[in-house]
Amino acid sequence: MRMNLDKNGSSEKSPTFVYANIVLIVAFSLLFSRLWYLQIIKGEHFKNLSENNRLRIQEIAAPRGIIYDREGIPLVDSFPSFDVSFFQQDVSDMQPLIPVLSRSLSLDPERLQTKLDGAKGLPASHPLKLKVNISREELAAVETRRLDLPGVMVDMVIRRNYPYENLAAHLIGYLGEISQEELEREEFVNHKSGYLIGKYGLEQKFELDLKGENGGQQIEVNALGRKMKVLGQVEPNPGNNLFLTLDLELQKAAEEAMAGKKGAVVAMDPRNGDILALVSKPDFDPNLFARGISPANWKGLAENPAHPLQNRAIQGQYPPGSVYKIIGAIAGLEEKIITLETSFHCPGSFHFGNRDYLCWKKEGHGRISLRRAIVESCDVYFYNLGLRLGVDRLAKYATGLGLGKETGFPIGHEKPGLIPTSSWKMKRFGIPWQPGENLSIAIGQGFNLVTPLQVATALSAVANGGKVYRPRLVQSVKAPHGEILKEVGPGEAKTVPASPETLEVLREALWGVVNAPGGTGGRARIDGWDVAGKTGTAQVVQRREGRSFSNLSEQQDHAWFACFAPARQAQLTVVALIEHGGHGGAAAAPVAKKVLENYFQRHKAKPPSSLKMARRSSADGTEER
Amino acid sequence: MFDRRLLLNFDWPLLATAILIAVLGVANIYSSTFPHTGDFTPFHLRQIYWLFLGMGLMFFILFFDYRTLVRYAYPFLLFCLILLILVIFFGRLTSGSQRWLQLGFFSFQPSELTKMGLILALTRFFTEADNPYGYGFRDLIVPSLIFIVPALIVFKQPDLGTVVLLVLIYASILAFVKVHRRTWITLGVASAALVPLLWHFLKDYQKKRLLTFLNPDLDPLKTGYHIIQSKIAVGSGTFFGKGFLQGTQSQLHFLPEQHTDFIFSVLGEEWGFLGSFFLLFLFLLLISRGLKIAYTSKDRAGTILAAGISSMFFWQSFINVGMVLGIVPVVGVPLPLFSYGGTSVLTTLMGLGILMNISMRRFMLSR
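Which chain is which? The protein sequence lines are L and W, in order.
Under our numbering, the letters of the first sequence match residues 43 to 667, in that order.
Under our numbering, the letters of the second sequence match residues 47 to 413, in that order.
In case anyone wonders, no lab produced these hints; they're calculated from the structure.
Beta carbons: idealized from backbone N, C-alpha and C, even for Gly.
One or more hints might be untrue.
Claimed, not checked - Which residues of chain L face chain W? A few of them, derived with a C-beta cut under 8 Å, are: (1) PHE59; (2) ASN63; (3) LEU66; (4) ALA69; (5) PHE74; (6) ARG76; (7) LEU80; (8) GLN81; (9) ILE82; (10) GLY85; (11) HIS87; (12) LEU91; (13) SER92; (14) GLN260.
What the hints assert, rightly or not - Keeping only pairs whose Cα atoms sit at most 27 Å apart, straight-line, the calculated DSSO-like set for lysine-lysine is: (15) LYS253/W - LYS520/L; (16) LYS234/L - LYS253/W; (17) LYS467/L - LYS457/L; (18) LYS528/L - LYS253/W; (19) LYS294/L - LYS247/L.
Using the sequences provided together with the hints, build the complete structure.
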């Protein structure tokens, strides 16, 4: 045979095969001896380990990222709390445990049973969370009954705390236990059941940034489930931090101004779209969620008729009322339907079709031109304008200022509002647009719906000379050691379809609303700060006979006040909406004023051109009077 | 006309050993996945289906001369590469890596099949480019490409276990053909230089995973924990084992992948030293049988092919068992015929079919 091989030119064959067999024998001898070592020499040791002592993985939760305001003040922090977990491997029969556990932890026995049943598929070495954030009493109860509770372990964990409680709750959001459905999502591959994740607001939107990476300990425990020895440890990686555009002081002022009211306030920097304060009332305390919300508390929030979980600033859709006259004025000037000199006669009502459309001022404004029509919010002037303008031309400017669609606010759940057009109405109702409707929409009634945030971006565009910014809330995401991971620049801007001259006319007229005699927004006046704004009163119930004086708060009008200051080179836009607040000038303007005051007290620098504006405007005022 | 010598030369001991390993494997899969709750077909049954399918493939291969198979080696490798590329685009993602193609009822792991593709292609190359004076560096450029292209794609998935196997199979085949000593050195230096380059192209999480493969202590919560648990399982089996379905470690599902990569720990715990020794002995028998076929084959193709397949079985069983026993870093490599896994079973039985084929036709060269 060997001869045969050599003939085939395989003289190299035999030594190679000898080596191959040697490698084979050596490798398998290694395995055999290792087997002998593990099973025969150390066999008893491992047998003991497998029967008496147990190795486990205990998770160390990563501290969640902190959310800071624009000055670097933390809006959230953490506190230690205790969780109870259970290791099923320690117990063959859990039935006797259930009554003891349910008593100690005040848990419903049936709920406990379902929790235990649900954990059957989990690896035995991994714990099942029974209850999070137990009280001191429950902690004491579990600790004293340790001997009756094999497999039960108490861990200390760091829990989220919101030191300012309800402040900016709708922005920050809240946490909740991850659901089965969420666990199956691709983005949550590293999450496990029992984890608390962001369910709303920034906590939800930035969950993956804030979460961090859990660490853990490999520990050896005795038969009672007590930790004996730490065999290995992986430190957790803290989550990344969020830096907001929010100004804590301003937010506080806005929250205070809104105390006891229902509605929303948005404060925005018109120069870049930064959100400085955003309030929605009524609100909630996110701490309730961080500590594991009780079913009763949850029901109280979810079923509350005042909807405290709704973020009215971005989800509340309201008729804009007279605030919408700003849009009408821009459209009228740009479409050359009116000039500054165009005037209409206001006898207190406007007859169209077979109906009288009323002005809020029964006795009428007399002959009135654009500037005073805005200052005094004359409805008849805008009925005339609306009739000549028509719905579609008005809609062009409304959408051009960012109304009728989401602003792109980063926390999501935003509502688009509604800017009607004739084709929209045809599609929606199958009825053509009626000329009479041009009158209602010109004063912001009818189908128009806007959110307070949309009004803030639109008004900011008037203030800054025509740029509609996408509101910015998060400036940056930074790693725990400060490295910038994501940076959000000032929001992208869209240009408004209006000339600088038109916007200048508007700014000046809006200054008059607050500062000129007869202006509807006089309650927002701050000496030396040239506030410019517009009041709005949005009808909740459709009426034919002027303003209602109903005492039913549900039927009271919504009060709007949208303003910016200083009128020239504005630094701050504030929009206040008070649900069922009544008249905008009376109910909403003082709220906006408080926010402005807080801001300007802290930003003492005066605007450079305020005097000039004041002089020219007062001259206008006397002329018209 | 059917030649009686074919039947005479059929390697019955090889077939018997393989069947014995497969039967023991099914029993262990049964135990490791016990109790069989859930709506899906239990793993041991699925393994049986795969085994029958694989046996069919194995006997089918016997009808063709293995030299015919070698002739189709390049198209076959190309087919494997296409499957690997399909995985990149349509593959199913499980725990961070993409290795599976979902084909209706079952999923398929092209990286397994690629091992056979590599062995066949290398066989064809070294048969055609026969060089009695030994291969130099330049001669090895083409075979190195044959190896590197699939290895890189598998590396990208990442399926590091298969990459390691491809490297070892390639090196083993080179050992069986004649390569100059200085070429060995050049190859060694070249691959050492390649490592930092590859490292550079890895993502952070992949680096972390690799480092953990090399040093499980870096990850005491996952891999490190598995190694300790695996050692406890095997060690606690002692001499006689705890008995079928009696292993506490395995029955409590301490181990991940305990019906696939860590299946040997279940055997160790339940059947003790006796059972483990017996299984390892069967593998030793299987591999030495393969080497013998390589040795007695009278043409170059048969020798290289049989040696390549034997080396594949050898490295897989050594790495897998070594990993369970804690002497080899943890990389995902199945134990041939023993671990659960359809593609692995098919690939192994395909390899066995080729071995039997070579053995059967060893006296037919004179024709």
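Inset, instruction - For the hint on HIS87/L, just tell me whether its beta-carbon gets within less than 8 Å of chain W. - result: holds (7 Å)
Legend entry - Satisfaction of the ALA69/L interface hint, Cβ to chain W closer than 8 Å: Holds, about 5 Å.
Inset, instruction - Assess, step by step, whether the Cα of LYS253/W is no farther than 27 Å from the Cα of LYS520/L, and give holds or violated. - result: holds (23 Å)
Legend entry - Straight-line alpha-carbon gap LYS234/L to LYS253/W, limit 27 Å: Answer holds: LYS234/L to LYS253/W is near 24 Å, not above 27 Å.
Inset, instruction - Verify the interface restraint on SER92/L: the C-beta must sit less than 8 Å from at least one C-beta of chain W. - result: holds (4 Å)
Legend entry - Given hint LYS253/W paired with LYS528/L - CA-CA distance at most 27 Å: holds (23 Å)
Legend entry - Evaluation of the interface hint that places PHE59/L against chain W, nearest CB under 8 Å: holds (5 Å)
Legend entry - Distance restraint between LYS294/L and LYS247/L, which requires alpha-carbon spacing of 27 Å or less: holds (23 Å)
Legend entry - When the least beta-carbon distance from LEU91/L to chain W is tested against 8 Å, hint result: holds (5 Å)
Legend entry - Hint validity - GLY85/L Cβ closer than 8 Å to any chain W Cβ: This hint holds: GLY85/L lies near chain W, its Cβ roughly 4 Å from the closest one there, short of 8 Å.
Inset, instruction - Report holds or violated for the interface hint on GLN81/L, using the least CB-CB distance to chain W and a cut-off of 8 Å. - result: Cβ of GLN81/L sits 4 Å from chain W, so the hint holds.
Inset, instruction - Under 8 Å, Cβ to Cβ, is where PHE74/L needs to be relative to chain W, so tell me if that hint holds or is violated. - result: holds (7 Å)
Consistency note: the structure conflicts with none of the earlier hints.
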